[in-house]
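Engineer: Each chain is listed here by its residues.
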Amino acid sequence: MNRSSAGAAAAVPVSPGAPGGQQPAPLFRRILLQGKYEALAMLRNGEQLILAVVLPLLALVGLTVTPFLDGLGASRIDVAVPGILALCAMSTAFTGQGIATGFDRRYGVLRFLSTTPLGRGGLIAGKVLSVLVVLCLQVAVVAAVGLALGWQPTAAGWVPGLLLLALGAAAFTALGLLVAGTVRPEATLAITNLLWILLGALGGIVIPAERLPAAAQQIVGFLPSGALGEALRDAFLHGAVNGAATLILVLWTILAGAAAIRWFKWN
Amino acid sequence: MLRVVSGVSLVAERGQVTALLGANGAGKTTTLECAQGLQKRSGGSISLLGQDPAAAGAELRSRVGVMLQDGGLPPSARPVPLLRHIAGLYAQPWPVEDLVDRLGIGSFSRTTVRRLSGGQKQRLALAAALVGRPEVLFLDEPSAGLDPQSRQLVFELIGELRDAGMGIILTTHLMDDAQRLADYVYIIDGGRNVAEGTVQELLQRGPAVEAGADHVRTLAFDAQPGLDLSGVLPADVAVLEERAGSYTATGALTPSHLAALAEWWAAHDIMPAAMTLQARSLEDVFLDISGKDIR
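Those protein sequences? They're chains A and B, same order as listed. Using numbering that gives the first Met the number 0, read the first sequence as starting at 0 and increasing by one per residue. Using numbering that gives the first Met the number 0, read the second sequence as starting at 0 and increasing by one per residue.
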């Protein structure tokens, strides 16, 4: 800035709010604005887009040209798409959101925003909204590519499938916030990326438990990845609601959410 | 439990700049963060606009602006969209364009926060704190990293906001800032406030002033080490050899004191290498109160 610009700027009068006159924007608007802001930030982040869209699509194509899923459904693509949708939820809600929140915490963004009318509750609500928005876009892209590759989902599976996807996103969001709020951002980056790879490959999310090593088969059903993968496959392949998997997802959401509320550090 | 602050009591009025002055680690930021509701306190009471900030709702937060020491701005954000986003959280925000003009943000409006200089980040953080047109403004080390022009701009704005009725509470370890900006100063040391008053009141503190003198000055001069100046100046003028060959004489100095010292120099054939005479500053008061040891 030079002296002339400083001089010109002085013409703008100051105007603090009158005592008691300032009000927050309505709650709904505040959450909507924060959700939009966070969703745009996520979509503008190249690494995040790779994780959210490119890698799931590569996995989708990979599963349709390899024999891993043969014999589990009418076609490879029918078995693959529900798992890839579950992988999308884990990418965005757990890894993407966790890393973003961890670094927001490091840079004091969470502290600053919690002093504005948005507050801590509005900030979390905005993050959840942004995850849902990005997840909707992922569903649209994966479903479009899947349909182009011959995916034929059961019509009755859409409603329970999408509701269970939202439940899975809630569980992974709570887990992502728990990690981001309790360890350093570099550790969040390592943990969430490592778990994305491990759970993606061996967590029963895209490859069903019966095709995993015997040791893994015993536990993947209790993991949020395995439960979400199973629930979505049952919904889109058979139009059924898998009660046990749904219960496991609900429990993960409640436990991780409670732990995040208890241990999340804003500073 | 670690007690960072214990024994701070302060009041900040509307239409005034209240400064918390202290060394690094004195407890200024912790005090401020408790007042903002960012940190839970284990005891004591705080009233912000008549409410407890620890239980603050959106209504109270909309009346308070906060500029954090580390900015708290997302590194990937660009200044104007960020300010527009924050403005959207308030019912009647300060027009972003006005704020951008007022703080000279236009020149870097397309640069991401991570690429801004320290001074640019400070100006943006101040704009983010002001965009809600708050009644109360908290500023944690507002002049850190500012170049002289930016400092002038920010100080002028703080003065105008104060004159317009805003209550401003700032922390600083820079004595010049406090002396220039503050209407009322609290000196914080070791988590307690150890002195308070207007700048003028604080400048009147000290042994010489208490002895009845109106104006305390410090004469500093450099000469050969180890001079014995006892008896040259009256006992109520404190003479110290602060470093080898660097002397200070602090007290209610008069022309006859200066003449006596010059006579003594002449008698001993001493010509000081450097000499300054200064009025007592807030820094002198601060060092008197909190001591000169590094914490």
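Worth flagging that the hints you see were computed from the coordinates, not collected in a lab. Careful: at least some of the hints might be erroneous.
Short derived list, chain B residues pointing at chain A, Cβ under 7 Å [as the list claims (entries may be wrong)]:
1) Gln35
2) Lys39
3) Ser41
4) Ala57
5) Tyr89
6) Arg132
7) Met274
If you only want the chain A side, here are some residues facing chain B, beta carbon under 10 Å, derived [stated by the list, open to error]:
8) Gly20
9) Thr63
10) Thr65
11) Pro66
12) Asp103
13) Tyr106
14) Gly107
15) Phe111
16) Thr114
17) Thr115
18) Pro116
Source: prediction; values computed, not measured. Ideal Cβ placement from N, Cα and C applies to all residues, glycine included.
Engineer: Against this structure, judge whether each hint is valid.
Structural biologist: Status of the hints after comparison with the structure:
Because the beta carbon of B/Gln35 sits about 6 Å from the nearest beta carbon in chain A, less than 7 Å, this interface hint is met. Interface hint status for B/Lys39: violated, as the beta-carbon distance to the closest one in chain A is roughly 11 Å, over 7 Å. Checking B/Ser41 against chain A: minimum C-beta separation of about 16 Å lies over 7 Å; hint violated. Among the interface hints, the one on B/Ala57 holds; its C-beta lies about 4 Å from the nearest C-beta in chain A, closer than the 7 Å criterion.
A cut of 7 Å between beta carbons decides the hint on B/Tyr89: the least distance to chain A is about 6 Å, and the hint holds. For B/Arg132, the shortest C-beta to C-beta distance to chain A is roughly 4 Å, which falls under 7 Å, so the interface hint holds. The beta carbon of B/Met274 comes no nearer than 34 Å to any beta carbon in chain A, farther than 7 Å, and the hint placing it at the interface is violated. A least Cβ separation of about 8 Å between A/Gly20 and chain B falls short of the 10 Å threshold, and the interface hint therefore holds.
Hint status for A/Thr63: violated, given a least beta-carbon distance of 35 Å to chain B, over 10 Å. A cut of 10 Å between beta carbons decides the hint on A/Thr65: the least distance to chain B is about 37 Å, and the hint is violated. This hint is violated: A/Pro66 has a C-beta 42 Å from the nearest C-beta of chain B, more than the 10 Å allowed. For A/Asp103, the interface hint holds, since its Cβ comes within 10 Å of a Cβ in chain B; the closest pair sits about 7 Å apart.
Contact between A/Tyr106 and chain B, as hinted, is supported at the beta carbon level, the nearest pair being about 6 Å apart and thus within 10 Å. The beta carbon of A/Gly107 is positioned within 10 Å of a beta carbon in chain B (closest approach about 4 Å), and the interface hint is therefore held. About 3 Å separates the beta-carbon of A/Phe111 from the nearest beta-carbon of chain B, less than 10 Å, and the hint is met. With a least beta-carbon distance of about 4 Å to chain B, the hint placing A/Thr114 at the interface is held under the 10 Å criterion.
The criterion of a C-beta within 10 Å of any C-beta in chain B is met by A/Thr115, whose closest approach is roughly 5 Å, and the hint holds. The restraint placing A/Pro116 at the interface with chain B holds, with a minimum CB-CB distance near 4 Å, inside the 10 Å limit.
Against the hints set out earlier in the document, violations occur for numbers 2, 3, 7, 9, 10 and 11.
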